[in-house]
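Asks: So you can see what is in the structure, the chains are spelled out below.
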Amino acid sequence: MTVRVQTADFDIGVEINQLRQARKDIGAVVSFVGLVRDLNDGDTVSQLTLEYYPGMTEKSLAAIIQQAKSRWNIMDALIVHRVGTLQPSDQIVLVIVTSAHRGDAFSACEFVMDYLKTEAPFWKKEANSAGEHWVEAKSADDTARDRWSIEK
Amino acid sequence: MTVRVQTADFDIGVEINQLRQARKDIGAVVSFVGLVRDLNDGDTVSQLTLEYYPGMTEKSLAAIIQQAKSRWNIMDALIVHRVGTLQPSDQIVLVIVTSAHRGDAFSACEFVMDYLKTEAPFWKKEANSAGEHWVEAKSADDTARDRWSIEK
Amino acid sequence: MKIKLFYFARLKETLKYSTEDLELPDDVLTILKLKSVLAKRGDVWGQMLMGKLKVRAAINHELVDDKAVINDGDEVAFFPPVTGG
Amino acid sequence: MKIKLFYFARLKETLKYSTEDLELPDDVLTILKLKSVLAKRGDVWGQMLMGKLKVRAAINHELVDDKAVINDGDEVAFFPPVTGG
Numbered sequence: 282m283t284v285r286v287q288t289a290d291f292d293i294g295v296e297i298n299q300l301r302q303a304r305k306d307i308g309a310v311v312s313f314v315g316l317v318r319d320l321n322d323g324d325t326v327s328q329l330t331l332e333y334y335p336g337m338t339e340k341s342l343a344a345i346i347q348q349a350k351s352r353w354n355i356m357d358a359l360i361v362h363r364v365g366t367l368q369p370s371d372q373i374v375l376v377i378v379t380s381a382h383r384g385d386a387f388s389a390c391e392f393v394m395d396y397l398k399t400e401a402p403f404w405k406k407e408a409n410s411a412g413e414h415w416v417e418a419k420s421a422d423d424t425a426r427d428r429w430s431i432e433k
Numbered sequence: 282m283t284v285r286v287q288t289a290d291f292d293i294g295v296e297i298n299q300l301r302q303a304r305k306d307i308g309a310v311v312s313f314v315g316l317v318r319d320l321n322d323g324d325t326v327s328q329l330t331l332e333y334y335p336g337m338t339e340k341s342l343a344a345i346i347q348q349a350k351s352r353w354n355i356m357d358a359l360i361v362h363r364v365g366t367l368q369p370s371d372q373i374v375l376v377i378v379t380s381a382h383r384g385d386a387f388s389a390c391e392f393v394m395d396y397l398k399t400e401a402p403f404w405k406k407e408a409n410s411a412g413e414h415w416v417e418a419k420s421a422d423d424t425a426r427d428r429w430s431i432e433k
Numbered sequence: 263m264k265i266k267l268f269y270f271a272r273l274k275e276t277l278k279y280s281t282e283d284l285e286l287p288d289d290v291l292t293i294l295k296l297k298s299v300l301a302k303r304g305d306v307w308g309q310m311l312m313g314k315l316k317v318r319a320a321i322n323h324e325l326v327d328d329k330a331v332i333n334d335g336d337e338v339a340f341f342p343p344v345t346g347g
Numbered sequence: 263m264k265i266k267l268f269y270f271a272r273l274k275e276t277l278k279y280s281t282e283d284l285e286l287p288d289d290v291l292t293i294l295k296l297k298s299v300l301a302k303r304g305d306v307w308g309q310m311l312m313g314k315l316k317v318r319a320a321i322n323h324e325l326v327d328d329k330a331v332i333n334d335g336d337e338v339a340f341f342p343p344v345t346g347g
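Protein chains in written order, with my numbering: chain B, 282 to 433; chain C, 282 to 433; chain Z, 263 to 347; chain R, 263 to 347.
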C-alpha cells in the first residue's frame, strides 16, 4: 500500500510498472486519474489551489485503502494526490488498484475515489477572471459514497 | 475513438497524455490494464500466445466503444490489445475512458472490458511445462457481460 | 456461389486450414447447412463443427447464429468462444 | 488543559489563524463547547464556527462530531467539508 501527497506531478506508467514488478499473479490493474477541468459548475477555471492537513490526510487515505482491502479481493493499492497550485488539464489525483480479476479492481478503485472525495481532508480553491473562491462540497459526492453502504 | 491491435507493448502514460491534450474539460480518466498471470485456473503459465481475426476484431472493438458512448456520457475511449507471444506480467490489453465526471468513466470502462472479454475475437493459448493448450471461455465472463442488460 | 472461409484458434490448428475459397451450389445456404457440408470431409471436421465443442460463426465480420443465410461473395469464419482481454 | 488547534481552507483564511496553542480550564470539553468558547472571540468567529457554514472537526486526525470529548494534549482541527480528488 502506498499513499503520497505531493506537489510534483506523477507518471501513471512508472507507478503501474512498479506495482506489476512486485508480483506475477496480477491480472487486472484499474486506475483513476483526476484532471483539473477548465470549467466547473459553469465557471471557467484558470487555476486551482489544493490545501491539505499533513498527517491526517495521509492517515485518511491509508484508512480508505484498508477499507477497500477488507471488502474486495485486491492485491495492492496506491493513492497519489497533488497539492499546491494546478492549471486546467493538470493531473490532480491517481488511484491504482491491482487484483487477480477485474471485477474486484474496478469496484475497489471506484470505492476509493468515492471515499477520497468525501472523507480525505483536501480543499480546493478555484481562480478565474472574477477572483478566487473555495469550491463547495457536492451532495452528488455524498450520494456516490453512500451507495457503498447498501451495495456490495 | 482509437482501436489498435498490435504485437508491440504500450505505454499507458503516453496514451493518457494524448487523450488529455485533446481537450481541457476532461475531469476523469479511468483505465484498465490486463496482465498475463503466472497462474491460471491452478496451472502455471510460462507463455501466452494471442490470435485474432484481422478486420473483424477491430470492428468489434469499435462497436463496443460505440455502445459505451451511447449508454454513458463519456468523451473518448481507447482500446489497445496485444497479439502474439507474451510472458507472465506482460501487458495484454489497455482500455482508457475519459469523461467529465468519474461515475460515467468507471461504468463505461468496465462495460468495455466485459464486452471485449466475451465478444471481441481474440483467442489465448497457454504454454506451461506440460505443453500448450487453448484457454477455455469462462461462464463468469458471460455473467459479467449479462449484468449490463439489466443494470444501467 | 463462391465464399471465402476462415478458421481460427483450435479450429485452425486441428483442421489444418486457416483460409480457403469454396464454390458451392446456389441453394439457400445457412451457417448450419455449411457446417454439415464441411462435416462430411471427415471425422475431425464433424467433431470440430458439429460436435460437442461450441463453435461461433461470423459472416462478413458480424457474429451470426446457425440460421443466418450466406450469400455469394461472403466471408464466413468459424472459431471457438473468444478468450481475449 | 492544553490543546493544539488547526484551521484549514476557508476557516484558516477568514479567521487568519492556521494554528494556535490554547490553555483551557480542566472541565469536560466537547467539540461543541470549544466552538462556543471560540465563537466569543467575535462576529467572524461565531459565523465561521457556529453559523450556517458546515464545519467539520477532527481530534488527533480522526473525524469527530460535536459531542466528542477533547483531552489534554489533543490536536483539534476545524475545517469545511472536503473537496479533494
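Note that these hints are calculated values from the structure, not bench results. Don't be surprised by glycine CBs; every beta carbon is placed ideally from N, CA and C. Hints may be right or wrong, so weigh each one.
Covered stretches of chain C, going by a simulated chain Z footprint (3 or more residues, C-beta under 8 Å) [unchecked claim]:
hint, stretch
1, 296-303
2, 380-392
3, 410-418
4, 424-431
Between beta-carbon pairs, the in silico distance windows are [unchecked claim]:
hint, chain 1, residue 1, chain 2, residue 2, range
5, B, 327, C, 325, 36 to 44 Å
6, Z, 337, C, 282, 48 to 56 Å
7, B, 322, R, 288, 42 to 50 Å
8, C, 414, B, 327, 54 to 62 Å
Pulled from the structure, derived: some chain R residues nowhere near chain B, Cβ distances all over 12 Å [unchecked claim]:
hint, residue
9, 274
10, 298
11, 337
12, 344
Asks: Next step is simple, just say for each hint if it's right about the structure.
Replies: Hints, one by one, checked against the model:
{"no.": "1", "hint": "296-303", "in the structure": "violated (count 0)"}
{"no.": "2", "hint": "380-392", "in the structure": "violated (count 0)"}
{"no.": "3", "hint": "410-418", "in the structure": "holds (count 4)"}
{"no.": "4", "hint": "424-431", "in the structure": "violated (count 0)"}
{"no.": "5", "hint": "B:327 <-> C:325: 36 to 44 Å", "in the structure": "55 Å, violated"}
{"no.": "6", "hint": "Z:337 <-> C:282: 48 to 56 Å", "in the structure": "24 Å, violated"}
{"no.": "7", "hint": "B:322 <-> R:288: 42 to 50 Å", "in the structure": "47 Å, holds"}
{"no.": "8", "hint": "C:414 <-> B:327: 54 to 62 Å", "in the structure": "58 Å, holds"}
{"no.": "9", "hint": "274", "in the structure": "8 Å, violated"}
{"no.": "10", "hint": "298", "in the structure": "23 Å, holds"}
{"no.": "11", "hint": "337", "in the structure": "8 Å, violated"}
{"no.": "12", "hint": "344", "in the structure": "5 Å, violated"}
Checked against the numbered hints given earlier, this structure breaks hints 1, 2, 4, 5, 6, 9, 11, 12; the rest are met.
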